[in-house]
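There are 2 protein chains.
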Amino acid sequence: MSLLTVGSVAFDAIETPFGKTDKIIGGAGTYIALAASFYNNRQNIVSVVGEDFPNEMLEELKRRNIDISGIQIKRGEKTFFWSGKYHNDMNSRDTLVTELNVLEHFDPIVPESYQGTEYLMLGNLSPQVQRQVIERLTERPKLIAMDTMNFWMDIALDDLKETLKLIDVLIINDEEARQLSGEYSLVKASKIIREMGPQYLIIKKGEHGALLFHESKMFFAPALPLEEVFDPTGAGDTFAGGFMGYIASTDDISFENMKRAIINGSALASFCVEEFGTERLMNITAKDLEERIEEFVSLTNFDMIQIIS
Amino acid sequence: MSLLTVGSVAFDAIETPFGKTDKIIGGAGTYIALAASFYNNRQNIVSVVGEDFPNEMLEELKRRNIDISGIQIKRGEKTFFWSGKYHNDMNSRDTLVTELNVLEHFDPIVPESYQGTEYLMLGNLSPQVQRQVIERLTERPKLIAMDTMNFWMDIALDDLKETLKLIDVLIINDEEARQLSGEYSLVKASKIIREMGPQYLIIKKGEHGALLFHESKMFFAPALPLEEVFDPTGAGDTFAGGFMGYIASTDDISFENMKRAIINGSALASFCVEEFGTERLMNITAKDLEERIEEFVSLTNFDMIQIIS
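The listed protein sequences correspond, in order, to chains A and B.
Numbering-wise (numbering that gives the first Met the number 0), the first sequence opens with residue 0 and increments by one.
Numbering-wise (numbering that gives the first Met the number 0), the second sequence opens with residue 0 and increments by one.
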């Protein structure tokens, strides 16, 4: 099926306890598109970059069967840039630099050839831009998923709430779920957030896995315990890209299939953190992914034949 | 089979954001024995209380098929008392009072009738006392599990390391695993700790579930996401008691069965936190436990029939 990703294609500079990068390729849209490219979809992307963005990366996306005609290249402008430093525990980070650049006045133009897309993944962007994309689609996709962050809850909560009414799956982390709902308990938070619009809520808990909520159902997928988390940047976006890539390629939005999609997203995210930026994602083979998914199966699988009580 | 539990039978006074108790029954040995009593075992317990300990509770343990002839009652002395206050997130707590009382000079006498026990669960106590119990058993049990805490790592690390050489399963939390190993990564920590003696390591992560490590195998069980954690006291001991109770009753120490035992322990622990102290544990029916285990199955179960890559 076809999947439209909307999200930043950007530069990052990252510092972790293991090292430091110069400007490297990053951006939610990049990670989502790369992760989703492991599945058989017609993939489109709406984004914006400056003229400083390397053409090789755009070519790389094309090689991965991603139609990049929706990536605007702004002459005389610079690409979005984020720089951050992770603390020793890798669970928290400080933002050192945020240069919005081309994202400041981003008008998400949807090419005519993208119309009719069956699946839509809205990466973290202003909720107003996310809503504009939905409104510009002539046909409503079968499933609309979106990410957001506490920043938008702080400065554009009303806008965010408007956009939440239009989507199906919200993918956020535990801290964001607590802020959005005002509830510490994630079970309580999930009810409040789903009353805001999305029927499905995925709460990412980083190294502690992810929870999927729908109606009275709950599913939990662990993160793969790793010897080393080298760089967590992009793991959440990779998760979302793997999730929607899998859903779109299987064209099945049942709860059972969403579980599989979450395991796929978790598996891809577990690769993402092994190297800086998109490095590891670029080199995963189909066999790597299959083996990683097997590790998830063996990590969580048990049979309860002997219930004694 | 027969299970011997060694651990404190004590008084607690607990304060959580939901309320406050007077002195209530607590102690690692109590929680372990109560949890293990859901399974069909010959259960024994070695512990010590003062003359202030209520006889009704001892009778309650007897009614649950626990042989309490190994609980020493010290005339003229007082029962171990701990008081603590949980912070709002329930993940951290301050100890307000610790009165060792009868535990200060605890000599863990093993009644003759307890000899030949097949399974041994050593609750958190000084590693020297834990070792004494092992040495006093004329036959080595099939499986020896033990809990410990950072306190003993701080003041009796050498003793602890001696005891670790004699056991099979160590059950500790993530913070303790990090302290004991000096490694932040739990995967790395698990290797270092298993080189100290125990072939099996269970790392409890509270609301984030539990990990089992053995050889190159890993298993992860989530904690059940709850609307409300009312009082976490005893949840770890309840987990350990459910784990060993299940293992002993099935008399199967395979990795596959340990997975089931962990799910059983997690299910019992999820009840424990619903009310203060042992209140909820006292009222669980076999049907409650069965239904809770079903919730774990549905929370974690997925089938990966459609791997697309």
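Some hints could be false.
Some, not all, of what chain A presents toward chain B, calculated at C-beta under 7 angstroms [said to hold, decoys possible]:
{"hint": "1", "residue": "H104"}
{"hint": "2", "residue": "I108"}
{"hint": "3", "residue": "R259"}
{"hint": "4", "residue": "V296"}
For lysine-lysine, the following BS3-like pairs were computed, each having C-alpha atoms within a straight-line distance of at most 25 angstroms [what the hints assert, rightly or not]:
{"hint": "5", "chain 1": "B", "residue 1": "K204", "chain 2": "A", "residue 2": "K286"}
{"hint": "6", "chain 1": "A", "residue 1": "K258", "chain 2": "B", "residue 2": "K187"}
{"hint": "7", "chain 1": "B", "residue 1": "K160", "chain 2": "A", "residue 2": "K204"}
{"hint": "8", "chain 1": "B", "residue 1": "K204", "chain 2": "A", "residue 2": "K216"}
{"hint": "9", "chain 1": "A", "residue 1": "K216", "chain 2": "B", "residue 2": "K73"}
{"hint": "10", "chain 1": "A", "residue 1": "K22", "chain 2": "A", "residue 2": "K84"}
{"hint": "11", "chain 1": "B", "residue 1": "K204", "chain 2": "A", "residue 2": "K187"}
{"hint": "12", "chain 1": "B", "residue 1": "K84", "chain 2": "A", "residue 2": "K19"}
For the record, the hints were derived by calculation from the structure and aren't laboratory data.
Since the structure is predicted, the reported quantities are computational estimates derived from the model, not experimental observations.
Quick reminder that beta carbons are idealized off the backbone N, C-alpha and C, glycines included.
Consistency of the hints with the structure:
1. For H104 (chain A), the shortest C-beta to C-beta distance to chain B is roughly 39 angstroms, which exceeds 7 angstroms, and the interface hint is violated.
2. The closest approach between the C-beta of I108 (chain A) and any C-beta of chain B is roughly 31 angstroms, which is over the 7 angstroms cut-off, so the hint fails.
3. The closest approach between the C-beta of R259 (chain A) and any C-beta of chain B is roughly 6 angstroms, which is under the 7 angstroms cut-off, so the hint is satisfied.
4. At a threshold of 7 angstroms, the smallest CB-CB gap from V296 (chain A) to chain B is about 6 angstroms, leaving the interface hint in force.
5. For the proposed pair K204 (chain B) and K286 (chain A), the alpha carbon gap of about 31 angstroms is over 25 angstroms, so the pair is violated.
6. In summary, the hint linking K258 (chain A) to K187 (chain B) is not supported, as the alpha carbons are separated by about 29 angstroms, beyond the 25 angstroms threshold.
7. Taken as a hint, the K160 (chain B) and K204 (chain A) pair is broken in the structure, with Cα atoms around 34 angstroms apart against an allowance of 25 angstroms.
8. Taking the CA atoms of K204 (chain B) and K216 (chain A), the gap is near 23 angstroms; set against the 25 angstroms cutoff, the hint holds.
9. Under the criterion of a C-alpha separation no larger than 25 angstroms, the hint pairing K216 (chain A) with K73 (chain B) is inconsistent with the structure, at around 51 angstroms.
10. A C-alpha spacing of about 13 angstroms is found between K22 (chain A) and K84 (chain A), which places the hinted pair at or below 25 angstroms, so the restraint holds.
11. A distance of roughly 21 angstroms separates the Cα atoms of K204 (chain B) and K187 (chain A); the hinted pair therefore holds under the 25 angstroms criterion.
12. Only pairs whose Cα atoms come within 25 angstroms are accepted, and K84 (chain B) paired with K19 (chain A) is rejected, the gap being roughly 42 angstroms.
Violated hints, in rising order: 1, 2, 5, 6, 7, 9 and 12; the structure is consistent with all others.
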